[in-house]
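A.B. asks: Heads up, the final residue of the sequence shown is numbered 147 in UniProt numbering, and it's a clean run with no missing numbers.
Derived by calculation from the structure, the hints in this document are not laboratory data.
Please note: incorrect hints may appear among the correct ones.
As the list claims (entries may be wrong) - The calculated lysine to aspartate or glutamate pairs, modelled on EDC-like cross-linking and capped at a C-alpha distance of 16 Å, are: (1) Lys44 to Asp26; (2) Lys138 to Glu118; (3) Lys138 to Asp89; (4) Lys138 to Glu107; (5) Lys44 to Glu107; (6) Lys138 to Glu117; (7) Lys44 to Glu104.
For clarity, every value in this text was computed on a predicted model and none was experimentally measured.
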Amino acid sequence: MNKMNFDLNDSEVNINDTEDNEDEIDLTPAEVIELMEEAWINEKFAPEILPHKSELVEALLGQISHMEENLRDVESIDFKNSIHQLEVDRLRFLVSSYLRTRLEKIETYVAHILQQEEQRIERGNELYLTEQELQFAKNFSEGRCYQ
Numbered sequence: 001m002n003k004m005n006f007d008l009n010d011s012e013v014n015i016n017d018t019e020d021n022e023d024e025i026d027l028t029p030a031e032v033i034e035l036m037e038e039a040w041i042n043e044k045f046a047p048e049i050l051p052h053k054s055e056l057v058e059a060l061l062g063q064i065s066h067m068e069e070n071l072r073d074v075e076s077i078d079f080k081n082s083i084h085q086l087e088v089d090r091l092r093f094l095v096s097s098y099l100r101t102r103l104e105k106i107e108t109y110v111a112h113i114l115q116q117e118e119q120r121i122e123r124g125n126e127l128y129l130t131e132q133e134l135q136f137a138k139n140f141s142e143g144r145c146y147q
């Protein structure tokens, strides 16, 4: 499973393709946004649920938090700050829409998705759902969707 660490000090994101950190990729915040936009569009238009991109989501949420802190630190209210706030709102929409699309697919195709995840577990393949999505799918299929 890919792991991504976001370090705000050097403004780069590290993606590790293996547990041993052999294939580490450094990404700029702009590249993280670009990859997240691509993941969102792919998820939105794919008929089936795709492998989760939780590393990108976490990295982007870290960027959003950092941007919001910077906006709070600036006391002046000017056009530039308004533009930055719009960008924060756009990024929040991007993450929300991506996650909402995945949940809608889970709700619509819960039996099929759970069956596929079970097959992936049996074969030792990488899961497409996060732990939280898998728990949501199980609860939803049992009629306990708000627990």
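A.B. asks: Now tell me, hint by hint, if it's right for this structure.
C.D. replies: Consistency of the hints with the structure:
no.: 1; hint: Lys44 to Asp26; in the structure: violated (26 Å)
no.: 2; hint: Lys138 to Glu118; in the structure: holds (11 Å)
no.: 3; hint: Lys138 to Asp89; in the structure: violated (32 Å)
no.: 4; hint: Lys138 to Glu107; in the structure: holds (10 Å)
no.: 5; hint: Lys44 to Glu107; in the structure: holds (15 Å)
no.: 6; hint: Lys138 to Glu117; in the structure: holds (11 Å)
no.: 7; hint: Lys44 to Glu104; in the structure: holds (10 Å)
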